[in-house]
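Q: Spelled out, the chains give:
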Amino acid sequence: MSAADESLRRLETLCLIRAYEEKLVELQRGGAPGTCTSVGQEACAVGVMAALEARDRILTNHRSAAHLIARGADLGRLMAEVLGRVDGYCGGLSGSLHISAKDLGVVLTSTIVGGELSMAPGVALAQKLGAGEPGGITAVFFGDGAACEGIFHEALNLAVHWRLPLLFVCENNDWQALVHRRETMADRAIAHWAAGHGLAVETVDGNDVGAVEAAAARAVTAIRSDGAPRFLELVTYRLRGHYEPDDQAYVDPAELVHWRARDPILLETTRLRAAGVLDDAGLRQIEARVAARIEAAAHFAEASAWPEPAALTAHVYAREEATP
Amino acid sequence: MSAADESLRRLETLCLIRAYEEKLVELQRGGAPGTCTSVGQEACAVGVMAALEARDRILTNHRSAAHLIARGADLGRLMAEVLGRVDGYCGGLSGSLHISAKDLGVVLTSTIVGGELSMAPGVALAQKLGAGEPGGITAVFFGDGAACEGIFHEALNLAVHWRLPLLFVCENNDWQALVHRRETMADRAIAHWAAGHGLAVETVDGNDVGAVEAAAARAVTAIRSDGAPRFLELVTYRLRGHYEPDDQAYVDPAELVHWRARDPILLETTRLRAAGVLDDAGLRQIEARVAARIEAAAHFAEASAWPEPAALTAHVYAREEATP
Amino acid sequence: MTRMTVEQAIHQALAEEMQRDPRVLLLGEGVATKHRDLVASFGAGRVRNTPLAEAIVAGTAVGAAASGLRPVVDLLFAPFLTYAMDALVNSAGKLRALSGGQFEFPLVTLAMTGSGWCVGAQHNHNLEAMFVHAPGLKVVMPSTPADFKGLMKTAIRDADPVVFFTDLGLLHQEGEVPDGEHVVPLGRAAVRRAGRDVTLVAYAKTVGVCLAAADALASDGIDAEVIDLRTLKPLDTDSVLASIAKTGRLVVVTEASGLCGVAAEIAALAATRALHRLRAPVLRLTGPDAPAPASWVLEQAAVPQPDAVADAVRRLFAEVAAVA
Amino acid sequence: MTRMTVEQAIHQALAEEMQRDPRVLLLGEGVATKHRDLVASFGAGRVRNTPLAEAIVAGTAVGAAASGLRPVVDLLFAPFLTYAMDALVNSAGKLRALSGGQFEFPLVTLAMTGSGWCVGAQHNHNLEAMFVHAPGLKVVMPSTPADFKGLMKTAIRDADPVVFFTDLGLLHQEGEVPDGEHVVPLGRAAVRRAGRDVTLVAYAKTVGVCLAAADALASDGIDAEVIDLRTLKPLDTDSVLASIAKTGRLVVVTEASGLCGVAAEIAALAATRALHRLRAPVLRLTGPDAPAPASWVLEQAAVPQPDAVADAVRRLFAEVAAVA
Ligand SMILES: Cc1ncc(C[n+]2csc(CCOP(=O)(O)OP(=O)(O)O)c2C)c(N)n1
Ligand SMILES: Cc1ncc(C[n+]2csc(CCOP(=O)(O)OP(=O)(O)O)c2C)c(N)n1
Ligand SMILES: [Mg+2]
Ligand SMILES: [Mg+2]
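Chains as they are written, first to last, in numbering that gives the first Met the number 0: chain A, 0 to 323; chain B, 0 to 323; chain C, 0 to 323; chain D, 0 to 323.
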């Protein structure tokens, strides 16, 4: 595929994620469960996923929709999961907060902040010891808030000392639920904490999908070549609230204005127009395709049945007789 | 007191700690509970304590004898605690692993590695908010192993961001129980992790009592003046096993030889002799005084009664009726 | 009396106690964001947003509590307490006793749990029994707005560490709350409905479930007594035993799972101290030994419902009739 | 059959299972130091010393378990499990169910606890009930060398996460152990002594206590049956109920405290499913609701002793006689 087509595909994925999450916001207003949206951070997911391969493993957290969609998740099954329906990726048991999709290589999602960091070294260790697909690496997505948890320090030390094929991807979006990053740490950068562990660290504009993909590709190539971990800090911003509904009354309006002007979709659209790769017609086509897929997904999800009560205990233990 | 007398007093304290711990080793061979000795690390305790004042608070861990004695603990009550007797600082409930002595300002000792780091910011916060004695600061002693626990990262971030009057004292003694530091971290220095938090860090020869006292004094003065935390890494070595009895079969003999030649008491004795402050007679006097105090302490401890069974539940809750 | 929600009652208790006692401070991720008025009234020094680091937040509260302050720490959702277990279980719960009574830990830890929000098992886990089992801790879990206020005030004034659970399904429930000084003693259950035929023991959400069941049973001529434990530790064993002595039948209804849960403790109480009063087997209606699911239908299926309680009681009477 | 200690039996089980299944690996602080022969046989890749960071060690085991390996992780002493609670309770115990059964967690966590070493409550805390209460986990706590081997092998082969507790008071106890393939199923109790008059239920150290009490009672003409639970979850309720049906009397003896402990669960079992068989009130003889003290005399006072058990049983028969 040509570079131009690649760029257009990336743009379409950005728009798909945005539309998917806005659809869930709309459904929430109608009574569906809330979600943690990644509006404003889509370029982080799309850029990093473009640098990963099928043999790689991904761990994510409560804000996972962008990661899952960029990895190719089925929108209908995702939405069904959020609505707690039987066709969801986890049969409705997870809801939006801990969606894993093993067949996509998106494993062990935890909504405990830091939970993904706690399990990621084990996934990478299995790869190092040959339990996974040859040459596979692990990428773990987490936030600036997770970097404040002690497990961040423990995971970095273990990954560096054991030389695990692990890519740390920190989406520093300035927010930790209702608390601004500046209220939780003296420094603006997570990178300095990571650098203290002596691994290669790169800080990138997380709203520039091309820059993210390039940096991720460099890191992934390096990990595959020497097996040592790398750290990527993606500087981005959470444009919507923490968990829907959220009126963002606690957010400085000026900060929002500043970052809305840096909306990753806006930046990419402008870039592609300037490059003559995209025009109004092209954009309309993308938007039409996206809208159609979202509607189809919503219909699928809402048509999906509720799980049977038996699902409550069906998967707690491996064998039935194991349950007391 | 003259500088020479100061030095001799410091030397006597070093010898007192050594003799106290060797006495406990002897008692253990006779059936008393084991202890974590600080043989080889005495200069860390003596140097830092010399820089602290009565209004300051100290947190320590499982390897606390040197800290307590350097702070002026009663040897008899210390030994009684190790033997589980009623006259111990904690009435025999603690034993050697979590001895606190509130009247000495040695508070909240925890034998959970990292436990002291978890509580220290709270003690410093109380000082900052005026609950303690005016101008008091907190010093927390911990090891290189504790620095591998996530709580190390969380404590540093909080202390720096909240600007707490807290002195971090890391005794990097190359050992974490039966595991050498090099098996647990890629780097030799804890200082690099701490520096990532942007606080002032100083690394000192932990076996040179004078150097430790000077560095600690600089840090304490700085904390009192601007209220911000400081970090001290004391490079030292654990000359005996982790917990008595321990044959150190897992220790590289060459490493032991190297560090025995750097025994802090040997270094200080040599220095004072060269300075003409100490001669054979002086040393014999010190050793005689020390021996007498140790014997007296042992007699006191062994004469102390066992606690009454009621002590088992007497201090669990503040009010009797509170216990279910 | 003022009509207010549980959420408002908790807030009022916090505001009144911070007003009453300058040693009280509020720590937690977002507390300053959520309680802006408390920041305004008492200053940013006493209402502190924290980093996302539950271990150090709890540990800091423990250290501050032992140093003359009275921290209230909000750890948000009960599963996040897993990060704070060392501070709560090993430090706050044990160091009073291990130190021979040298330190006090007047500390309140807040956490939400329970069904109602479809957030799944990493936000909803009724693990209060773990803290009942841990020595040195007290545990509170009220069911009415008035008790939330009265028990919160008592918990803050108590000299021991209290873990205070809020059933999030009750947060927006309204009720009459006494204005000003209204304290409810720890360790005192409340008889929500007097009855002669059967004792229903519950706490938090299931108190309402039992009251609804009792109404249904009344129409069958079964007169149920409903006891709200309110405090899970210390347990009000006298009230439970007195009721069993009167009714001869015991049904324990909890949202938490039964295995080693509070339901087990109440049943054990009957077996050990009221056996000869029991005219029928004790019944435990509890949540399953399974993680809380997100899907609405499954979340409902995981909590004992009024019909299930009423049916179980009816079967109880039928069986006994059969036996007789 | 070979005569060996509990410590040797555990080691033999580990060696045999690592030989049998290349997916088995051993992680923990000091495991490579303590099991040098396993390093020699299976390589440093499969027997790994770790940093002092229980959270990431357990989390890494969880991640590895879900990725095709079968980790055994040694966290040393039970109170240190408080650092690993998120990995064990929120990840290993919940993610199988929350993911709709996508992942398996074949993982064994080792921890020691119990009286005998005078190490106090931060090394000695029988908190096994916390894990019995947590969904998705299995809990084992054997009492004989043969069971330590047989249950360790079964735990390693089990598809679910198992928390395996070793009573340190039993570590050096000797017994006959079958050579080679010897597996003991999870969830199966053992009748250590058959009897007609009273059922004594225990596990770990208190099994020996009950057997000693049973001998004493025999001389009074009281024929006690002693049941060793061995697995605490899943519980072998059938064996306990069958014994109660035979004897009509139940005494539960545990070192762990009673409140919401395994002793409560067994008493609840009797109250809910064997009430009409009980001819006397159930007795719970347990450790106190207090942190384990270090002092030898207090440590002994904290554990039910044979005389206390025998006396309690005698009183039970006396009372019943009085009542009748
Ligand atoms: C241990 C824990 N503490 C608190 C929460 C509640 N919570 C969920 S997401 C979140 C913010 C996390 O911030 P960050 O790590 O920066 O990720 P972001 O939400 O910004 O993507 C919080 C506090 C949680 N889920 N887990
Ligand atoms: C959380 C925890 N893990 C393990 C232990 C067992 N343990 C006691 S001391 C120790 C070594 C600690 O090493 P370090 O922090 O360097 O202190 P040092 O013993 O060298 O003074 C260990 C592993 C413990 N007490 N707590
Ligand atoms: Mg963030
Ligand atoms: Mg060390």
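Source of the hints: derived by calculation from the structure; they are not laboratory data. Values in this document were obtained by computation on a predicted structure and should not be read as measured data. Where is the CB? At the ideal position from N, CA and C, for every residue including glycine. Hints may be right or wrong, so weigh each one.
What the hints assert, rightly or not - Computed footprint of chain A on chain C, listed as stretches where at least three residues anywhere in the stretch have a Cβ under 8 angstroms from a Cβ of chain A:
#1 27-38
#2 52-64
#3 117-123
#4 154-165
#5 282-290
#6 294-306
To be verified - Which residues of chain A face chain C? A few of them, derived with a C-beta cut under 8 angstroms, are:
#7 92
#8 109
#9 145
#10 178
#11 252
#12 256
#13 301
#14 305
#15 306
Q: If a hint holds in the structure, say so; if it does not, say that too.
A: These are the hints, each one checked on the structure:
Counting residues of the segment 27-38 of chain C whose beta-carbon sits less than 8 angstroms from any beta-carbon of chain A gives 5, enough to reach three: the coverage restraint holds. With 4 residues bearing a CB less than 8 angstroms from a CB of chain A, the segment 52-64 of chain C meets the requirement of three and the coverage assertion stands. Counting residues of the segment 117-123 of chain C whose beta carbon lies closer than 8 angstroms to any beta carbon of chain A gives 5, which reaches the threshold of three, so the coverage claim holds. Look at the segment 154-165 of chain C against chain A: 0 of its residues bring a Cβ nearer than 8 angstroms to a Cβ of that chain, fewer than three, so the hint is violated.
A count of 4 residues in the segment 282-290 of chain C with a Cβ less than 8 angstroms from any Cβ of chain A is obtained; the coverage claim is therefore met, three being the minimum. Remark: the segment 294-306 of chain C is confirmed as covered by chain A, as 6 of its residues place a Cβ nearer than 8 angstroms to a Cβ of that chain, reaching the required three. With its C-beta approaching chain C no nearer than about 5 angstroms, residue 92/A sits inside the 8 angstroms limit, and its interface hint holds. A distance limit of 8 angstroms between C-beta atoms decides the matter here; for residue 109/A the minimum to chain C is near 7 angstroms, and the interface restraint holds.
This hint holds: residue 145/A has a C-beta 7 angstroms from the nearest C-beta of chain C, less than the 8 angstroms allowed. Given hint, residue 178/A at the interface with chain C, holds; its Cβ is 5 angstroms from that chain's nearest Cβ, closer than 8 angstroms. Checking residue 252/A against chain C by beta carbon gives a least distance of about 16 angstroms; that is not within 8 angstroms, so the hint is violated. Because the closest C-beta pair between residue 256/A and chain C is about 21 angstroms apart, greater than 8 angstroms, the hint is violated.
The beta carbon of residue 301/A comes no nearer than 14 angstroms to any beta carbon in chain C, farther than 8 angstroms, and the hint placing it at the interface is violated. The interface hint given for residue 305/A is met, as the beta carbon of that residue sits about 4 angstroms from the closest beta carbon of chain C, less than 8 angstroms. Because the closest C-beta pair between residue 306/A and chain C is about 5 angstroms apart, less than 8 angstroms, the hint holds.
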